[in-house]
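> Letter by letter, the chains look like this.
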Amino acid sequence: MALNARARSGTLPMTLLVMAVLGIVPFLPIPDRMLSALTFALVYAIAAVGLDVFSGYSGQVSFGNFGFVALGAYTSAMLTAHAGWPVLATLPASILACAIASAVIGLPMIQLPGLGGALLTYFFAFVAVVLIGGETFQDWTMGPNGIPVDTLQLGRLDFSKGWPLYYLGWGGLLLVALAGDRYANSRAGRALRVIKRTEVLASSMGIDVKQAKLFAFLFSASVAGLGGWIFAQAVGYLSPESFPAAESVNLVAMAVVGGLGSICGPIMGAVFFGVVSELTRSAGGSRELVFALLLLAALVFLPGGLFSVLDLAFASARAVTASRSPARTAPRAAATPLAAPALGAGACTGSPLLEVRQVTVRFGGVIALNHVGLSVVRGEVYAIIGPNGAGKTTLLNCISGIQRYAGDICLGGASLHRMTPALIRRAGVSRTFQHPSLVADLTVEENVATGTYGLHPATPYRDVLPLPATLRRDEEARARAADALDLVQFPAGRRRVLAGDLSLAEQKVVDIARSVAGSSRLLLLDEPTAGLDEDDIGQVVDVIRAVNTQTGLTILVIAHHVGFLRSIAGPSMVLDFGRVLAEGPIDQVTRREDVIKVFLG
Amino acid sequence: MQLFLGGIISGIAVGALYGLLGFAVIILLKATGVPNFAQGAQATLAAFIVYELVQSFHLSFWLAFVAAVPLVAISGAVFYALALRPNDDADHLNFIIHTLALSLLIIGAVNAKWAAGQPFTFPRVISGDAAFVLAGVSVSWLTIGTILIALSLASGFAWFFYRTPLGLQFLGVADRPDIATLLGVRTRRLTAIAWALAALISLVTGVLVAPRTLLSSDMMDFYLLYSFTAAVIGGLTSMWGVFVGGLLVGCVNNLVTIYAGPDLGTIAVFLLLIAVLLLRPAGIFGDASLIERL
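Quick mapping for you: the protein sequence lines, in order, are chains A and B.
Just so we're on the same page, our numbering is the position in the first sequence counted from 1, plus 33.
Just so we're on the same page, our numbering is the position in the second sequence counted from 1, plus 62.
Chain A extracted, bound-state conformation:
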């Protein structure tokens, strides 16, 4: 289930504004019932923000996160009732229980495509209610009778009701919103956004897709556990009826109505649900109906969520201030060499860096590649030519580990066969795709920096915490991104533009920068000129030449624009229906009659 909605950076000011407004609510002359409704809204918002990291930023769907709220609440209540723990001490236990449960469910879930994973999470929420209300764990959960919750008291303050409870929820939400914002804008969060764009791309960039998704799920569940702990305080008495599985779907609805991928939006969505539900109370029997109509109206008329309204207001405010202050330029760190140190470069010049031996790929009855072999010498630009459907992209997919094949592919003498895309990226193979697939809501600089994520194994928890090592790594990524952009001669004035606002030609160049930002030994370019006009092609030619001559990077490029290839490549190969038709220097190959026939006929 691909989510194509936006995932935004820099929403912190809006989040803080919304939190500030929510912070003064208890001082307003509102009825107690409304304060209570808003308190619950804060708890829902905690879980909804967690869900936003998982759904809004990584593009996954969970219809079961209220199950974690239930687990967190019951963990707290059971530990106080049966084990005599003080309430405050159960907080870490509530969070930990959810983290563990989400790891158990998450492991199968993240492997599943589309609806399967979503159904699994929904079913989990269902099973959670069954277990809570059923006989299996009745000694602990007290089954349908429910279980009392010890109230949290610090000094003379009773946190189970009134404004102290409200601020307990508010404080929890503030913490979670700040953590969520940090997560979304950290290296780990940006990796999630690449995954959301396309998983194939992410893995070919060296991002550990499963680990990243699992960690995001863990985050959303742990946060829901915190929410559950506060929920227990707010309800005072837990019973299975407090946690219907449908609430999990409502949680998604809140995030969607508020606006996914903004951290701030889901908070607004939860408040919207709480307020509307309280206001429609007087509608009596038709309350559900009125509520459903309002929900539908919000979905239809504000597809970007309530957040989009706030965003519009901020954008116009920013437009006013931006005209006054000049743009800042960030200080640059020392430049780092972009190309990986070639192993034993001196001795091996002339020896093949890449060897493809007898590679065969079948799609059902179609033979996409038929015993294809080639070898690319260090430092050269090698071209693969061929008409549509010749198997060019399939060959690149084999080399980058996306496509399984028979035969063998070696990089610097070591076999890449059966290695994962992430490992192949780490071994030094980077690539671009025919469609540049940049993350639209990240700037050019940020997009290029994601190209360095394959350099180090990911440690999401460290990426999220602003430790010195993390900051150093981020700084290194930024410096490498700047170098890569210099290398492709990308204008400095356009580097803070969101990738979604670039022209196709710019996207192609940024894509190349992204693939050379992390050290690599071999660069695979998939149709770098597709869809470009002659002027833009000339620019891409310059970029490829610059990359090749300045870093000595070996390049394997596929295209069907022969003129373009002749201006950059030396050796070449012609593929036709999965077979090698000709091999040799490109100027000679493209003059051969059989080759011309393939292209014209």
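Watch out, some of these pointers could steer you wrong.
Going by beta-carbon spacing under 8 Å, a handful of chain A positions derived as facing chain B [unchecked claim]: (1) G149; (2) L153; (3) F156; (4) V163; (5) V289; (6) S319; (7) E321; (8) L322; (9) L328; (10) L329.
Now the stretches of chain B that chain A is said to cover, found in silico as 3 or more residues with beta-carbon under 8 Å [as the list claims (entries may be wrong)]: (11) 161-172; (12) 315-326; (13) 329-340.
Source of the hints: derived by calculation from the structure; they are not laboratory data.
All residues carry an ideal CB built from backbone N, CA and C; glycine is no exception.
Start from chain A and add chain B according to the hints.
Frame of chain A; chain B shown alone:
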């Protein structure tokens, strides 16, 4: 052994119902790409409509059922026009939540209209008397009827999809909506028809479920969950897989419930779902999807 066989037989009957509702879900999924969370609510509404026709106009069940057919079919198309047609280029998740809102809307309407007295007893369509005895287990007419109805509906729709021009257009739209549009297929009109057809299947499911569970606004909750499970287990691209999934879910749930209690019955289905998906991520009969094209 008798207990076991009885569990299997009633599992098959209830599994056929999961399959039937799941079949409606799959038709819409194929035709529109949207999993319809309101399918259960639509079945509930349809059953209430039949009930109302019986009560207010003193019709026999069968007459009420026939009268409900056009009403329900139109309601399906109207729901599409109301809830999904506006802004139909929105984000996928946004769309899914539309169906959720629709479900809330329908259940809200049902609860507003039939506020007092739920659950109602619903006229038995087919007798629950034993039709014959198999190895000491009596098999009721209801069981046989449910299975036969599910099978004939499924065969009818299979014939419709693969043998009629309109049905083939559906499959074309499901496969490549952009190309179908370019070829002049009126995709939105087809989608409205698909909603009407799915609503009719819901009607049949609703009147078969209502006598079992009593008629109430939440009667389809479990059925919807298990229908989705059946559809995912069977493989979402397969029209027959959903029935195999339904039978598996029905039997596993029934047997574990008989021997270990209802809690574990639900958990067993959950584990079944995980196990099947780990072995075959696209479901038993699903197409293993090719790699994402970039």
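> Does each hint hold? Answer for all of them.
Consistency of the hints with the structure:
1. Taken as an interface hint, G149 of chain A checks out: its beta carbon lies about 5 Å from the nearest beta carbon of chain B, inside 8 Å.
2. At a threshold of 8 Å, the smallest CB-CB gap from L153 of chain A to chain B is about 7 Å, leaving the interface hint in force.
3. Given the 8 Å rule on beta carbons, the hint for F156 of chain A holds: about 5 Å separates it from the nearest Cβ of chain B.
4. Annotation: interface hint on V163 of chain A holds; nearest CB of chain B at approximately 5 Å, less than 8 Å.
5. The closest approach between the C-beta of V289 of chain A and any C-beta of chain B is roughly 5 Å, which is under the 8 Å cut-off, so the hint is satisfied.
6. Because the closest C-beta pair between S319 of chain A and chain B is about 4 Å apart, less than 8 Å, the hint holds.
7. Look at E321 of chain A: its Cβ gets to within about 3 Å of chain B, closer than 8 Å, so that hint holds up.
8. Hint status for L322 of chain A: holds, given a least beta-carbon distance of 4 Å to chain B, under 8 Å.
9. For L328 of chain A, the interface hint holds, the least distance from its beta-carbon to any beta-carbon of chain B being 5 Å, beneath 8 Å.
10. At about 4 Å, the closest approach between the beta carbon of L329 of chain A and any beta carbon in chain B falls short of 8 Å, and the interface hint on this residue holds.
11. Look at the stretch 161-172 of chain B against chain A: 8 of its residues bring a Cβ nearer than 8 Å to a Cβ of that chain, three or more, so the hint holds.
12. Given as covered by chain A, the stretch 315-326 of chain B passes the check, having 4 residues with a CB less than 8 Å from a CB of that chain where 3 are the minimum.
13. Beta-carbon proximity to chain A at under 8 Å applies to 7 residues in the stretch 329-340 of chain B; the threshold of 3 is reached and the given coverage holds.
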